[in-house]
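S.K.: The listed protein sequences derive, respectively, from chains C and Z. Numbering of the first sequence is given in this note's numbering, commencing with residue 1 and proceeding in unit increments. Numbering of the second sequence is given in this note's numbering, commencing with residue 1 and proceeding in unit increments.
Just so you know, these hints were derived from the structure itself, not from any lab. There may be inaccurate statements among the hints.
What the hints assert, rightly or not - Computed spacing ranges between beta-carbons, pair by pair:
1. Ala2(C) x Asn30(Z): 17 to 23 Å
2. Val44(Z) x Pro8(C): 17 to 23 Å
3. Asn30(Z) x Gln60(C): 19 to 25 Å
4. Thr80(C) x Gly40(Z): 18 to 24 Å
5. Gly59(Z) x Glu63(C): 40 to 46 Å
6. Leu68(C) x Glu55(Z): 40 to 46 Å
7. Ser5(C) x Gly59(Z): 23 to 29 Å
8. Lys41(C) x Gln14(Z): 18 to 24 Å
9. Lys41(C) x Gly16(Z): 35 to 41 Å
10. Lys20(C) x His45(Z): 25 to 31 Å
11. Ser12(Z) x Pro8(C): 29 to 35 Å
12. Leu76(C) x Gln14(Z): 42 to 48 Å
Said to hold, decoys possible - EDC-like mimics (lysine to aspartate or glutamate), calculated; alpha carbons at most 20 Å apart, straight line:
13. Lys98(Z) x Glu63(C)
14. Lys98(Z) x Glu52(C)
15. Lys41(C) x Asp83(Z)
16. Lys98(Z) x Glu59(C)
17. Lys42(C) x Glu55(Z)
18. Lys26(Z) x Glu59(C)
These numbers come from a predicted model, not from an experiment. Backbone N, C-alpha and C fix where the C-beta goes; we use that ideal spot for every residue, glycine too.
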Amino acid sequence: GAVVSQHPSRVICKSGTSVKIECRSLDFQATTMFWYRQFPKKSLMLMATSNEGSKATYEQGVEKDKFLINHASLTLSTLTVTSAHPEDSSFYICSARDGGSTRLSSQYFGPGTRLLVL
Amino acid sequence: SQQGEEDPQALSIQEGENATMNCSYKTSINNLQWYRQNSGRGLVHLILIRSNEREKHSGRLRVTLDTSKKSSSLLITASRAADTASYFCATGGTSYGKLTFGQGTILTVHP
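With the hints as extra help, turn the sequences into a complete structure.
M.R.: Right, here's the structure in full:
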């Protein structure tokens with residue numbers, strides 16, 4: 001089956017530093033990837049839609065200069081949290097859409113990255 | 001913005017019982033999907049129901065959709081302790097692939 005990986009699975013960083021999270025589709029080409037943020041016991045909030053080779057589309061209220069998204073290839077998207085602060089601590093989940101499938105359910109989620117900013 | 005609202009927010013049952021979770025939404029949809037999330041993990045797709053379907057089954061799962069009431073339900077029959085997880089509904093709209101998630105139901109199945 002389709003597999004999406006995220007790296008790292010967990011990261012602790014100091015306030016003010018930048019953190020990069022990778023999202024990879026391992027066995028399919030992902031023309032579109034989505035980045036979500038999830039607070040404890042809360043739902044997933046879509047942050048941005050990332051299309052290969054073009055600029056990401058950010059949801060309202062999400063700072064694009066704060067959360068840099070790059071989708072340089074059909075199998076990799078990265079989310080960089082710049083100048084991280086404690087309030088950026090959260091669970092970040094990516095999903096990837098299988099560009100070779102027309103099935104509506106062909107969106108696969110990564111295992112998530114737990115970010116803790118001290 | 002989140003448009004799916006699930007109830008109950010938390011559900012605690014004994015193994016073998018059925019679990020029913022409901023989801024309501026506000027705008028027109030193309031399809032509605034249910035996902036499962038184990039604590040601290042990613043999401044697993046359970047089932048998708050299209051807007052022109054009323055009911056769908058997959059193993060112990062049964063999903064209904066009432067577009068007139070803008071609501072859906074997920075029924076898990078003969079629950080098992082391993083079903084303990086959070087369950088989310090997600091609606092797909094005109095933006096192909098973009099999902100809007102509900103608040104989720106935390107299901108606990110006691111052995």
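S.K.: If a hint holds in the structure, say so; if it does not, say that too.
M.R.: Checked hints:
1. Ala2(C) x Asn30(Z): 17 to 23 Å: Since Ala2(C) and Asn30(Z) have Cβ atoms about 21 Å apart, the given range 17 to 23 Å holds.
2. Val44(Z) x Pro8(C): 17 to 23 Å: Holds, since Val44(Z) and Pro8(C) (Cβ atoms, about 21 Å apart) stay within the stated range.
3. Asn30(Z) x Gln60(C): 19 to 25 Å: 21 Å, holds
4. Thr80(C) x Gly40(Z): 18 to 24 Å: 22 Å, holds
5. Gly59(Z) x Glu63(C): 40 to 46 Å: 42 Å, holds
6. Leu68(C) x Glu55(Z): 40 to 46 Å: Given a distance of about 44 Å, which is inside 40 to 46 Å, the answer is holds.
7. Ser5(C) x Gly59(Z): 23 to 29 Å: 27 Å, holds
8. Lys41(C) x Gln14(Z): 18 to 24 Å: Hint holds: Cβ distance 23 Å, inside 18 to 24 Å.
9. Lys41(C) x Gly16(Z): 35 to 41 Å: Given a distance of about 26 Å, which is not inside 35 to 41 Å, the answer is violated.
10. Lys20(C) x His45(Z): 25 to 31 Å: Once the Cβ atoms are compared, 27 Å apart, the range 25 to 31 Å for His45(Z) and Lys20(C) holds.
11. Ser12(Z) x Pro8(C): 29 to 35 Å: 34 Å, holds
12. Leu76(C) x Gln14(Z): 42 to 48 Å: 45 Å, holds
13. Lys98(Z) x Glu63(C): With a Cα-Cα distance of about 19 Å, the restraint between Lys98(Z) and Glu63(C) holds, given a limit of 20 Å.
14. Lys98(Z) x Glu52(C): 15 Å, holds
15. Lys41(C) x Asp83(Z): 17 Å, holds
16. Lys98(Z) x Glu59(C): 11 Å, holds
17. Lys42(C) x Glu55(Z): 27 Å, violated
18. Lys26(Z) x Glu59(C): Holds, at about 19 Å.
Going down the numbered hints, you'll see the structure goes against 9 and 17, while the others check out.
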